[in-house]
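So the protein lines, in turn, are chains V and C. Its first residue numbered 1, the first sequence is counted upward by one per residue in the working numbering. Its first residue numbered 1001, the second sequence is counted upward by one per residue in the working numbering.
Since the hints were made in silico from the structure, they are not lab data. Computed from a prediction, not measured in an experiment: that's the story for all the values here. Please note: incorrect hints may appear among the correct ones.
Okay, derived cross-link-like pairs now, EDC-like style, lysine to aspartate or glutamate, Cα gap no bigger than 20 Å in a straight line [unchecked claim]:
hint: 1; chain 1: C; residue 1: Lys1076; chain 2: V; residue 2: Asp205
hint: 2; chain 1: V; residue 1: Lys214; chain 2: C; residue 2: Glu1017
hint: 3; chain 1: V; residue 1: Lys214; chain 2: C; residue 2: Asp1096
hint: 4; chain 1: C; residue 1: Lys1103; chain 2: V; residue 2: Glu65
hint: 5; chain 1: V; residue 1: Lys117; chain 2: C; residue 2: Asp1096
hint: 6; chain 1: V; residue 1: Lys216; chain 2: C; residue 2: Asp1096
hint: 7; chain 1: V; residue 1: Lys54; chain 2: V; residue 2: Glu65
hint: 8; chain 1: V; residue 1: Lys117; chain 2: C; residue 2: Glu1017
hint: 9; chain 1: V; residue 1: Lys214; chain 2: C; residue 2: Glu1007
hint: 10; chain 1: C; residue 1: Lys1187; chain 2: C; residue 2: Glu1215
hint: 11; chain 1: C; residue 1: Lys1111; chain 2: C; residue 2: Asp1155
hint: 12; chain 1: V; residue 1: Lys214; chain 2: C; residue 2: Glu1071
hint: 13; chain 1: C; residue 1: Lys1067; chain 2: C; residue 2: Asp1155
Partial list, derived from the structure: chain V residues whose beta carbon lies under 8 Å from chain C [stated by the list, open to error]:
hint: 14; residue: Trp114
hint: 15; residue: Lys117
hint: 16; residue: Asp164
hint: 17; residue: Ser168
hint: 18; residue: Arg202
hint: 19; residue: Ala206
hint: 20; residue: Tyr208
hint: 21; residue: Asp209
hint: 22; residue: Leu210
hint: 23; residue: Gly211
hint: 24; residue: Ala212
hint: 25; residue: Gly213
hint: 26; residue: Ile221
hint: 27; residue: Leu225
hint: 28; residue: Pro228
If you want the footprint, here are the derived chain C segments under chain V, 3+ residues with CB under 8 Å [said to hold, decoys possible]:
hint: 29; segment: 1070-1079
hint: 30; segment: 1089-1101
Cβ coordinates follow ideal geometry from the N, Cα and C atoms, glycine included.
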Amino acid sequence: MRSATESIKMSYPEGFSMGTITSFKKNYKYLLPAIPMLLFLIIFFVYPSVIMVKYSFNKSLLYGEIENTFTFENYINFFTDPFYLKVVWRSFVLGFWVTAITIPFGYVLAYAMWTSKGLKRKLLYFCILLPLFTNLVIRLYGWRILLSPMGPINGILKNLGFTDSGFSMIYTKPAVVIGLVSECAPYYVLILFSVLTLVNPRYIDAAYDLGAGKIKTFFQIIWPLSLPGVVSGGMLTFIWSFGAFATPTILGKPIHWTPAIHAERQILSIRDWPFGTAIGMSLVVIVLVILFIQSRLTPKVHSQRT
Amino acid sequence: MPNFSLELQNIGKRYGEVVALADINLQVKEGDFFFLLGPSGCGKTTLLKIISGLEAPTRGRVIINGKNETELHANKRNTATVFQEWALFPHMNVYDNIAFGMKMHKFPAQKIKTKVAELLELIHMGGYHKRMAYELSGGQQQRVAIARSLAIEPDILLLDEPLSNLDLSLRQNMRIELIRLHEQIGKTFIYVTHDQTEAMTMGDNLVVMQKGKIEQVGSPKEIYKNPVNDYVATFIGETNEIPGTISELSPEPILETPSGIKLKVDIRDNSLKKGSKAVAIVRPEHTKVIKSDDAIDNRFDVIVDNVAYFGPSLRLFCHSANDNTPFFVDVFTETEMAITAVAGSRIKVGLEKQYALCYGIN
Chain V
1 MRSATESIKM SYPEGFSMGT ITSFKKNYKY LLPAIPMLLF LIIFFVYPSV IMVKYSFNKS
61 LLYGEIENTF TFENYINFFT DPFYLKVVWR SFVLGFWVTA ITIPFGYVLA YAMWTSKGLK
121 RKLLYFCILL PLFTNLVIRL YGWRILLSPM GPINGILKNL GFTDSGFSMI YTKPAVVIGL
181 VSECAPYYVL ILFSVLTLVN PRYIDAAYDL GAGKIKTFFQ IIWPLSLPGV VSGGMLTFIW
241 SFGAFATPTI LGKPIHWTPA IHAERQILSI RDWPFGTAIG MSLVVIVLVI LFIQSRLTPK
301 VHSQRT
Chain C
1001 MPNFSLELQN IGKRYGEVVA LADINLQVKE GDFFFLLGPS GCGKTTLLKI ISGLEAPTRG
1061 RVIINGKNET ELHANKRNTA TVFQEWALFP HMNVYDNIAF GMKMHKFPAQ KIKTKVAELL
1121 ELIHMGGYHK RMAYELSGGQ QQRVAIARSL AIEPDILLLD EPLSNLDLSL RQNMRIELIR
1181 LHEQIGKTFI YVTHDQTEAM TMGDNLVVMQ KGKIEQVGSP KEIYKNPVND YVATFIGETN
1241 EIPGTISELS PEPILETPSG IKLKVDIRDN SLKKGSKAVA IVRPEHTKVI KSDDAIDNRF
1301 DVIVDNVAYF GPSLRLFCHS ANDNTPFFVD VFTETEMAIT AVAGSRIKVG LEKQYALCYG
1361 IN
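Okay, chain V solo, but in the shape it has when bound:
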């Protein structure tokens, strides 16, 4: 890490001189192959985002026309309306549950992958990647079938005599949480696995050698050293769930809707572009604030190559 920042510093000489100009020219040369992608992003991401920002400060008229004024009204409405505050709060809680479930369960998977070798590891890797080969919406409809009153899970429960009419599992908060856990887990597992592979097995040998049992070795050595993976994977899971769109739509009821769904409704159904875009922008700001707090709270990750 340190050497990377040093090399960046070195490529930008201090002060302005002819040397600076040539070094900038040189740096631009390396950017050349990135131009097509850069253009693509500017046209299809930066430009629409700028429009979004602009709209969010405009005013909506009765039939959805946009009045080109500058007003904070949309943001004030969003952050003062108890309804939307509740929506944001519910999304927080949803993100919390998804993260709280994904972290331990995903850890077990990543740990199993880390400690296995050869074919077993490849097989686990494949199983974790497999869901990503299928489109999210199709996977969600799969969950709908599984969880529906007529679905296989209820079928088994009925046959076992637990219920006559079947439990209503679909369109509940647990259904949304399950859907999101299954959605985020592969990414979390892959991030955590890559961090675990950086843990030098010698540390574990050393811990055993010094008298630590398996449990102590895990909690005192492996867990703290894998914490960066847990934090970044957990953050990804939380932000993903907080801004989820498809899963709450397909597996939940309007009460489970996230701010993202409300933004979409405002824009497409109610045709209030300024308010919809203001919700969208507020989401971005909230996520950035969360990331900022996280970066402050996470202890410095120490180089493991000592």
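The hints should help you fit chain C onto chain V, whose structure is shown.
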């Protein structure tokens, strides 16, 4: 019967089809500074792991202080390892690293505190307890790793090539430091290395290993003077090797080189017969540069290729005048010979037969 810190009985280890260790028998006296010496891949690190309990042997018994501890896992054995890359816990400071083992062994808190301070004094690093591992130099990390292992008061301290990641001058200082620590603590040290100088200069006793087998056990002096085979002879110390065939066994054993030089040799291998292929091992300090009329068992001509200056001595890199067998001789810098020897000159070397150790070639 002396007290053995460690006894290994018929230890074998295989990974699938690969035999890493075959039938290792070893006894280490209490308080010994004992060396496992061998080239990389000879199984010495595997053996160390079996002693520490990090690996289980496929067969055989590990007896520590008279108790059979073969089935005991590493965390239950009173051995401690200093790893090659030291393996200090990167998320802990020096204090916590050293205290870790004591906490695991449930030492009382007050004892841990005083013991860490004591150990930091012992390794000359008092005041470093708040530093993180990555803030230390290689030599300091090395010493903290030793302190961490000593903290649990092990009966046996195992060191796995602990100096190989240090630069030369630091390595030499640490050798002296380790000898001092060993004397001060008086515990059994078992030290794995591929560096014969380390083993020769530091060890009370050593074992030379090759391909998962023990070749020889003994003190450095014994092994240097009486190596059991040509492998040990060439691995320990520097040697000239003169290949040839046994042309005579009695009254006097003679090794004849392909170019026809007849050397009187000392047979060290009972399996040698007349006509068998053999090699004479000659240490450079046992050869002399002679004048033609000196009385000596063997004499032959060599041509000097190169002269290397070592301070007190010169090393003359030569080849045999009859064929191209390389040969080197050490002479003192101040002698007449040393002054006249230049590249290209032809000199006579002499060798007493008891210094031409003759072994069979497999």
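Here is what the structure says about each hint:
The straight-line distance between the Cα atoms of Lys1076 of chain C and Asp205 of chain V is roughly 13 Å, inside the 20 Å bound, and the hint therefore holds. Taking the CA atoms of Lys214 of chain V and Glu1017 of chain C, the gap is near 29 Å; set against the 20 Å cutoff, the hint is violated. At most 20 Å may separate the alpha-carbon atoms for a hinted pair to count; Lys214 of chain V and Asp1096 of chain C meet this at roughly 19 Å. Simply put, Lys1103 of chain C and Glu65 of chain V have alpha-carbon atoms about 70 Å apart, too far for the 20 Å limit, and the pair is violated.
For the hint linking Lys117 of chain V to Asp1096 of chain C, the alpha-carbon distance of about 32 Å lies beyond 20 Å, and the restraint is violated. The hinted pair formed by Lys216 of chain V and Asp1096 of chain C meets the criterion: a straight-line CA distance of about 14 Å does not exceed 20 Å. For the given pair, Lys54 of chain V sits about 14 Å from Glu65 of chain V by alpha-carbon distance, which is consistent with the 20 Å threshold. Annotation: proposed proximity of Lys117 of chain V to Glu1017 of chain C holds, straight-line Cα distance about 18 Å (limit 20 Å).
At roughly 27 Å between alpha-carbon atoms, Lys214 of chain V and Glu1007 of chain C are farther apart than 20 Å, so this suggested pair is violated. Of the pairs offered as hints, the one joining Lys1187 of chain C and Glu1215 of chain C is violated, with about 26 Å between alpha carbons and a cut-off of 20 Å exceeded. Straight-line distance between C-alpha atoms of Lys1111 of chain C and Asp1155 of chain C comes to about 19 Å, which keeps the hinted pair within the 20 Å bound. The suggested pairing of Lys214 of chain V with Glu1071 of chain C holds, with an alpha-carbon distance near 16 Å, which does not exceed 20 Å.
Only pairs whose Cα atoms come within 20 Å are accepted, and Lys1067 of chain C paired with Asp1155 of chain C is accepted, the gap being roughly 12 Å. For Trp114 of chain V, the shortest C-beta to C-beta distance to chain C is roughly 18 Å, which exceeds 8 Å, and the interface hint is violated. For Lys117 of chain V, the interface hint is violated, the least distance from its beta-carbon to any beta-carbon of chain C being 13 Å, above 8 Å. At about 54 Å, the closest approach between the beta carbon of Asp164 of chain V and any beta carbon in chain C exceeds 8 Å, and the interface hint on this residue is violated.
Because the closest C-beta pair between Ser168 of chain V and chain C is about 47 Å apart, greater than 8 Å, the hint is violated. Taking 8 Å as the C-beta cut-off, the interface hint given for Arg202 of chain V holds, the closest approach to chain C being about 4 Å. Annotation: Ala206 of chain V was flagged as interfacial toward chain C, and the flag holds, the nearest CB pair being 4 Å apart, inside 8 Å. A distance limit of 8 Å between C-beta atoms decides the matter here; for Tyr208 of chain V the minimum to chain C is near 4 Å, and the interface restraint holds.
Interface restraint check for Asp209 of chain V: the shortest CB-CB distance to chain C comes to about 5 Å, inside 8 Å, so the restraint holds. The closest approach between the C-beta of Leu210 of chain V and any C-beta of chain C is roughly 3 Å, which is under the 8 Å cut-off, so the hint is satisfied. Nearest Cβ of chain C to the Cβ of Gly211 of chain V: about 4 Å, under the 8 Å cut. The hint holds. Because the beta carbon of Ala212 of chain V sits about 5 Å from the nearest beta carbon in chain C, less than 8 Å, this interface hint is met.
The beta carbon of Gly213 of chain V is positioned within 8 Å of a beta carbon in chain C (closest approach about 6 Å), and the interface hint is therefore held. Below 8 Å, beta-carbon pairs count as interface contacts, and Ile221 of chain V has one with chain C at about 6 Å; its hint therefore holds. The beta carbon of Leu225 of chain V comes within 6 Å of a beta carbon in chain C, closer than 8 Å, and the hint placing it at the interface holds. Nearest Cβ of chain C to the Cβ of Pro228 of chain V: about 10 Å, over the 8 Å cut. The hint is violated.
Interface restraint, the segment 1070-1079 of chain C with chain V: holds (5 residues with C-beta to C-beta distance below 8 Å; minimum three). Using a Cβ-Cβ cut-off of 8 Å, 5 residues of the segment 1089-1101 of chain C lie near chain V, which meets the minimum of three, so the contact claim holds.
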